[in-house]
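Student: Sequence:
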Amino acid sequence: MAGSVNKVILVGNLGKDPEIRTLNSGERVANLSLATSEQWRDKSTGERKEKTEWHRVVIFNENIVKVAENYLKKGSTVYIEGSLQTRKYEQAGVEKYTTEIVLQKFRGELTMLGGRDGGGGGGGGGQRGGDDDYSSGFSTGGANKPSGPKESYDLNDDIPF
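In the working numbering, the protein residues as written are 1 to 161.
No lab work stands behind these hints: they were computed from the structure. No residue lacks a Cβ here, since even glycine has one placed at the ideal position from N, Cα and C. Any given hint could turn out to be false.
No more than 16 Å apart at the CA atoms, straight line, and that leaves these computed lysine to aspartate or glutamate pairs for EDC-like [as the list claims (entries may be wrong)]:
#1 88 - 100
#2 105 - 81
#3 16 - 50
#4 7 - 100
#5 16 - 69
#6 66 - 19
#7 49 - 38
#8 66 - 17
#9 74 - 17
#10 51 - 38
#11 105 - 27
#12 7 - 81
#13 73 - 17
#14 66 - 27
#15 73 - 19
#16 74 - 19
#17 105 - 62
Label pairs and their calculated CB-CB ranges [stated by the list, open to error]:
#18 27 - 99: 19 to 25 Å
#19 3 - 87: 20 to 26 Å
#20 99 - 70: 26 to 32 Å
#21 41 - 19: 32 to 38 Å
#22 69 - 106: 15 to 21 Å
Modelling step: build the complete structure from the supplied sequences, incorporating the hints.
Tutor: Right under this line is the structure:
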């Protein structure tokens with residue numbers, strides 16, 4: 001195989017408010033607890049069933065950390081794009097492993113979904129790490145940017161619907 005891909009895309013709801021920490025280096029990190037659910041109907045009983053998976057998300061991108069700190073809260077619906085990383089740690093003398101979705105400094109994306117009541121933002125609700133190793137600019141929900149000339153659209157027209 002010529003190469004490999006480590007990319008995770010999740011759409012889910014935060015199980016608790018983001019935890020913001022400061023590392024010894026002074027860098028800020030956000031930890032999110034994200035729930036994804038699937039629902040189905042049991043064929044034999046007709047009963048509706050649901051399965052929820054919990055994911056740990058770690059954000060190292062300073063701009064996305066600011067968005068998480070200021071705009072995300074328990075119940076917010078978000079789109080997350082990052083990579084899987086497994087790390088080893090020791091707890092009470094026992095080696096343990098945890099697998100996390102990581103948004104590195106220049107990679108990854110977080111887009112807030114839903115309305116203002118659902119924890120999402122109005123215009124400018126997302127943060128994107130960028131497609132190259134140099135960008136960390138602001139994105140309005142990951143929308144494609146038009147390549148042609150900018151046009152003005154009058155939204156106050158007389159359409160009755």
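Student: Next step is simple, just say for each hint if it's right about the structure.
Tutor: Status of the hints after comparison with the structure:
no., hint, in the structure
1, 88 - 100, "holds, 11 Å"
2, 105 - 81, "holds, 13 Å"
3, 16 - 50, "violated, 20 Å"
4, 7 - 100, "holds, 12 Å"
5, 16 - 69, "holds, 12 Å"
6, 66 - 19, "holds, 12 Å"
7, 49 - 38, "holds, 8 Å"
8, 66 - 17, "holds, 13 Å"
9, 74 - 17, "holds, 5 Å"
10, 51 - 38, "holds, 5 Å"
11, 105 - 27, "holds, 10 Å"
12, 7 - 81, "holds, 7 Å"
13, 73 - 17, "holds, 4 Å"
14, 66 - 27, "holds, 12 Å"
15, 73 - 19, "holds, 10 Å"
16, 74 - 19, "holds, 11 Å"
17, 105 - 62, "holds, 7 Å"
18, 27 - 99: 19 to 25 Å, "holds, 22 Å"
19, 3 - 87: 20 to 26 Å, "holds, 23 Å"
20, 99 - 70: 26 to 32 Å, "holds, 28 Å"
21, 41 - 19: 32 to 38 Å, "holds, 36 Å"
22, 69 - 106: 15 to 21 Å, "holds, 19 Å"
When each numbered hint is compared with the structure, a violation occurs for hint 3 only.
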